[in-house]
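Novice: Here's the letter readout for the chains.
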Amino acid sequence: MLAKRIIPCLDVADGRVVKGIKFQELRDAGDPVEAAKRYCEAGADELAVLDISASEEGRKTTLDLVERIASEVFIPLMVGGGISELKDIKALLRAGADKVSINTSAVLKPDLIRQAAETFGSQCITVAIDVKKDGAGGWKVFTHGGKKETDLDAIEWAEQVAQLGAGEILLTSMDNDGGLNGFDLDITSKISDKVSIPVIASGGVGNLQHLADGVTHGKADAVLAASIFHFGTYTIKQAKEVMQEAGIPVRPPKPSRN
Amino acid sequence: MNKEIAVVDYGMGNIHSIDKALKFVASGDNIKVTDKPQDLADADKVVFPGVGAIRDCVAALKSSGLDAAIKQAAKEKPLMAICVGMQALFENNEEDANSHGLGILQGDVKLIKDDGGKAQPQEKSQEEFQERLKVPQIGWNQLNLVDPDHPLYYKIAQNSYFYFVHSYYCLSDDPKIASAKCTYGIEFDAAVLSGNVFATQFHPEKSQDDGLQMLKNFCQWEGCK
Numbered sequence: 002m003l004a005k006r007i008i009p010c011l012d013v014a015d016g017r018v019v020k021g022i023k024f025q026e027l028r029d030a031g032d033p034v035e036a037a038k039r040y041c042e043a044g045a046d047e048l049a050v051l052d053i054s055a056s057e058e059g060r061k062t063t064l065d066l067v068e069r070i071a072s073e074v075f076i077p078l079m080v081g082g083g084i085s086e087l088k089d090i091k092a093l094l095r096a097g098a099d100k101v102s103i104n105t106s107a108v109l110k111p112d113l114i115r116q117a118a119e120t121f122g123s124q125c126i127t128v129a130i131d132v133k134k135d136g137a138g139g140w141k142v143f144t145h146g147g148k149k150e151t152d153l154d155a156i157e158w159a160e161q162v163a164q165l166g167a168g169e170i171l172l173t174s175m176d177n178d179g180g181l182n183g184f185d186l187d188i189t190s191k192i193s194d195k196v197s198i199p200v201i202a203s204g205g206v207g208n209l210q211h212l213a214d215g216v217t218h219g220k221a222d223a224v225l226a227a228s229i230f231h232f233g234t235y236t237i238k239q240a241k242e243v244m245q246e247a248g249i250p251v252r253p254p255k256p257s258r259n
Numbered sequence: 104m105n106k107e108i109a110v111v112d113y114g115m116g117n118i119h120s121i122d123k124a125l126k127f128v129a130s131g132d133n134i135k136v137t138d139k140p141q142d143l144a145d146a147d148k149v150v151f152p153g154v155g156a157i158r159d160c161v162a163a164l165k166s167s168g169l170d171a172a173i174k175q176a177a178k179e180k181p182l183m184a185i186c187v188g189m190q191a192l193f194e195n196n197e198e199d200a201n202s203h204g205l206g207i208l209q210g211d212v213k214l215i216k217d218d219g220g221k222a223q224p225q226e227k228s229q230e231e232f233q234e235r236l237k238v239p240q241i242g243w244n245q246l247n248l249v250d251p252d253h254p255l256y257y258k259i260a261q262n263s264y265f266y267f268v269h270s271y272y273c274l275s276d277d278p279k280i281a282s283a284k285c286t287y288g289i290e291f292d293a294a295v296l297s298g299n300v301f302a303t304q305f306h307p308e309k310s311q312d313d314g315l316q317m318l319k320n321f322c323q324w325e326g327c328k
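Chains C and H are the protein sequences, given in the same order.
Last residue of the first sequence: 259 (our numbering), numbering continuous.
Last residue of the second sequence: 328 (our numbering), numbering continuous.
Wrong hints could be hidden among the right ones.
What the hints assert, rightly or not - Taking beta-carbon pairs under 8 Å as the criterion, some of the chain H residues facing chain C (in silico):
| id | residue |
| --- | --- |
| 1 | Ala124 |
| 2 | Arg158 |
| 3 | Ala162 |
| 4 | Lys165 |
| 5 | Gly168 |
| 6 | Trp243 |
| 7 | Asn247 |
| 8 | Val249 |
| 9 | Tyr266 |
For the record, the hints were derived by calculation from the structure and aren't laboratory data.
All C-beta atoms in this analysis are idealised placements derived from N, C-alpha and C, irrespective of residue type, glycine included.
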């Protein structure tokens, strides 16, 4: 049976994990490659690397980082951040990414989704959608890291990206992000019902029950979380146990070698 | 004895993952990524990964002469095809009725049906958590090994999880060549084994330890003499 995926996300800038900066152990490890390996060992089903470098130089460092992770970690690797052209996608795939996630550029140039899917295959094109409640019962799409509001209705945009050839949607609720109160289950389930492609839920996870709720109530195909894993609050193994108890099919964590 | 393993690069996709994974497991074997038909003829084994559309894949192979080299390799030496590589080995596919695969294997390549949530999933728990069968299938699914004792499955347990990402699936005409089955809405051929040809719908290079073990098994497999 197809397992629901747990995807830890590493935010990197200039080749360094940034969200984990307060987490002592991660800082001591220094290298995001070490963090990636540890997540992989712990049973992560996929890894997301989000490049938040502000400079061209930072992006080059990220490419190098992707290359190093892909040489040692043999699970799927999704990389996002700053992708605006086909050549950016090509460079990331060459470095060893299996999928890329496109956000702002997908909104500015929807044809990029179609071109990217035709050139590289839908399976490696994820469209990231950042949404916020509009106060009138709907959700609006935001771009530029949540700084700019668009006119796009979240559900309509999700349907459009699926039609353009995206292979997957990474849905982040800006209302919930960082709040540790769980995913926005309402918009997650609405979009998951509406599109035929898989939906990854993101934004707001504060405990392991939230991950399970994302699947059972949010109808997500995968759940993404950053801080609960980075800060060592919970392990991937514990997350899988909670999901398993909720009756969700998961890939069991490997038995400990010790 | 060290072997030369050619990885077919037909210029379209991301073959870096398979290259990196093979280099990780191949002790002493030489892994050569190549777009030259002659290299396939000279190699001891061939790995044929594929991504994207079958039609584009087959067209690219034909224009470079790699199609004939792959067909010849399939007769003479161990050949491993992965994902769209597997699909391209079959004669017919639903993706484009006018395009034909390499015809090395007989059977059909069909689209996973997104039923819009109407049909009844085969397994109850899928019904509980998902009203809609998503296409592509993306994620880890279990293998039902038809012959778990085969050297290609050395150290791989029955029902192990492997990583899939695909919108089409293969069903071979000859049920005897089905080597592993998988269920996603329907039951399909997750792997086939016919003579020297081993083809997988899943990505061993992305399936962590079990996937690396399978690649290692292929590196050590003598094929059918």
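Novice: Each hint: holds or not?
Specialist: Comparing the hints with the structure gives:
1. Interface hint status for H:Ala124: upheld, as the beta-carbon distance to the closest one in chain C is roughly 6 Å, under 8 Å.
2. With 8 Å as the threshold, the beta carbon of H:Arg158 stays out of range of chain C, its nearest partner Cβ sitting at about 11 Å, so the hint is violated.
3. Against a cut-off of 8 Å between C-beta atoms, the interface hint on H:Ala162 is violated, since the closest Cβ of chain C lies about 13 Å away.
4. Evaluation of the H:Lys165 hint against chain C yields a violated restraint, the C-beta minimum of about 19 Å exceeding 8 Å.
5. The beta carbon of H:Gly168 comes no nearer than 23 Å to any beta carbon in chain C, farther than 8 Å, and the hint placing it at the interface is violated.
6. Annotation: H:Trp243 was flagged as interfacial toward chain C, and the flag holds, the nearest CB pair being 4 Å apart, inside 8 Å.
7. A cut of 8 Å between beta carbons decides the hint on H:Asn247: the least distance to chain C is about 11 Å, and the hint is violated.
8. At about 18 Å, the closest approach between the beta carbon of H:Val249 and any beta carbon in chain C exceeds 8 Å, and the interface hint on this residue is violated.
9. Using the Cβ-Cβ criterion of 8 Å, the hint placing H:Tyr266 at the interface with chain C is satisfied: the shortest such distance is roughly 6 Å.
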